[in-house]
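Each chain, letter by letter, is given below.
Number of protein chains: 2
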Amino acid sequence: MKFTLYMPTKVFYGKGCVKEQAKEFKSFGNKVLIVTGKSSGEKSGALKDVKDVLTSLSINYWIFDKVENNPSLETVFKGSLLARENSVTLIIAIGGGSPLDAAKAIAALSTNNIEPVELLTTSIKIPSLPIIAIPTTAGTGSEVTPYSILTAKQFRTKKNFYSPYSFPTITFLDYQYTCSLPNQVTIDTAFDAFSHLLESYLSIKSTPQSNIYAIEGLKAFSKCLFAISNKNFTNEIRDQLLYASYMGGLAITLTGTTIIHAMGYSLTYYKELSHGHANTLFIGEYLRFNKQTVEEKINKVLTILKFYSITELETYLLKHVGEKPDTSQEEINKFATLAMTQGSVKNNPTSVKESDIIKIYQKVLLR
Amino acid sequence: MKFTLYMPTKVFYGKGCVKEQAKEFKSFGNKVLIVTGKSSGEKSGALKDVKDVLTSLSINYWIFDKVENNPSLETVFKGSLLARENSVTLIIAIGGGSPLDAAKAIAALSTNNIEPVELLTTSIKIPSLPIIAIPTTAGTGSEVTPYSILTAKQFRTKKNFYSPYSFPTITFLDYQYTCSLPNQVTIDTAFDAFSHLLESYLSIKSTPQSNIYAIEGLKAFSKCLFAISNKNFTNEIRDQLLYASYMGGLAITLTGTTIIHAMGYSLTYYKELSHGHANTLFIGEYLRFNKQTVEEKINKVLTILKFYSITELETYLLKHVGEKPDTSQEEINKFATLAMTQGSVKNNPTSVKESDIIKIYQKVLLR
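Those sequence lines, one after another, are chains X and B. Each residue of the first sequence is one higher than the last, beginning at 2 in our numbering. Each residue of the second sequence is one higher than the last, beginning at 2 in our numbering.
Any copy will do: because identical chains look the same in the list, a pair fits if it lies in one copy or spans two.
List of simulated lysine-lysine pairs, DSS-like, C-alpha gap at most 30 Å:
id, residue 1, residue 2
1, Lys-24, Lys-347
2, Lys-3, Lys-44
3, Lys-232, Lys-16
4, Lys-3, Lys-232
5, Lys-126, Lys-20
6, Lys-347, Lys-20
7, Lys-27, Lys-11
8, Lys-3, Lys-24
9, Lys-206, Lys-20
10, Lys-11, Lys-206
11, Lys-298, Lys-16
12, Lys-307, Lys-220
13, Lys-301, Lys-220
14, Lys-44, Lys-32
15, Lys-347, Lys-16
16, Lys-335, Lys-325
17, Lys-32, Lys-126
18, Lys-27, Lys-126
19, Lys-206, Lys-220
20, Lys-206, Lys-27
Honestly, the hints are just simulated from the structure, not real lab data. On a predicted model such as this, the values are computed, not experimentally measured, just so you know.
All chains should be built: construct the whole structure from the sequences, respecting the hints.
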């Protein structure tokens, strides 16, 4: 066996954990920047809990709630200015993937004197500010990964900023913060988590360790399939989805993603599909493309999910996400070129050429 | 679900990992104390690899090879004096459980101005020196735990020193370092790992996370049962045993141990049985004592190991460790009183009174 493992984030999982573990907020100084989305912090109830805790501990805080879906370099730069102006010593990230990813970039830009675009082109030299991450969706897994997906106009796509300093120091996982999510967001993010679990499990970088997280997460996800069909998201199901998402985060921390993510980014950047929606469109063809290389593993996934075939799984997934976007062959060529620039392409179980990516795009988007 | 998780140790697992990852030794300053046993560092080959790496990086090192089996407070104090005299900034621990546990105590005493016995009676305030841990046995799991088991004459037993600062910063796991172990040491330590996996899985503190490590480790251990019978320790088996031991360390980090460890300590302290030998004697009666409370989990363990009954498992285990020691009823009474002072007693699946402990000791030692 051969593998490496580094997962330093301290995890508090369970209903009510933010307030129960309030003392954990104490050891980072008394100036904090809260990074959140326009509404996710409020609606989820997480922002109120955090404010209550900080107030009870006499910790000063500023709120940066300007994080849009798919955060831009401009946004994270603005956030870092606010952090610097107020000499904060901790970032608290509340929200879905976008605020969590933005917080990692803000935490890095607050201590490193670099241009925002350098996040994507150079290595971070100085440790970032510490981050406490509180997810309000069950999909990204960002609360335990060092990854931050940023939208870079310079590169006309989404790009992954990664630093060993970007692991959140602490994460609080409470399914209650996901209960106010609309059904479609719940489903799209759940399928994003599924994609992480699946891609990690099939990745050429998968290890005995990453596989145990992937399998554990797939088992949790499998308990939610009927609930997704029925749009019946009980507390138990919210809990399982959050756990599956967390497992997905651990799994991709060890392996990265593969071509599904590489291909999905352009549909988010150019066609404004949500990240989960974009990825889900490709899952069926991705499995067919990789079937010969990792047939046994794919069969294991189907067995855990209790589907008889790739097609049955694909039909299920496509039934619950939105339509495919209108796309031209010219666009597909462009998307394929962009996908090939993503590092995750190298992790795919079957080695991939640009012509393969074009074929998958065609099968998914033109048929 | 409700759990917490903190496992910050960076893990490099695989043949040759120390030399391959030599750069990891660079970021801790250039004065290092190597803590090892009288012979384990040399015989395993690990000490030579570490010396080669340090020399190639022009890092100065001192060697403290005075760690005895079941390290005493006096020994760790001596080690800390050597660390302080030379202003070292990193401890490298090479060996079985004893050197690894000693290193954690030395790392704490090197930065905290306290009496050695205070390790066992107070909380550590100042972060310890960082530790790189390199196990040369497959049993302790200490390379990923914050635990340090010390022998304290004051308390007439072994006691657990624990600090969140005692997690090794990095561990290198290479089964090659375990290949020179005598057969009986291999078996005793393998059964120690099994005991960690079993006790963690059945502990009242077990969580979904700890269970996945316990089950993963039990599966690895199950592949080694024939090899143990045949004393045929191939590289593949050494690899599986090291992996099982590592999983055991992760599992008990999250749950602690239970009464097996609490009861075993006195047989090591007073009867000089190895830790693994001592624990193994109790496993059968421990399972019988807890059968009603956690029957389903015990059945799952038996299924993974492919034993039909507790008795069959017990017979297998006892066949491969040494004899039970001659013990009087008076000694048993004393051991039971000491066992009840161990925190791990509270983690037992079935709640335990001193009279229960006495009965288990009697069944194991007097029959």
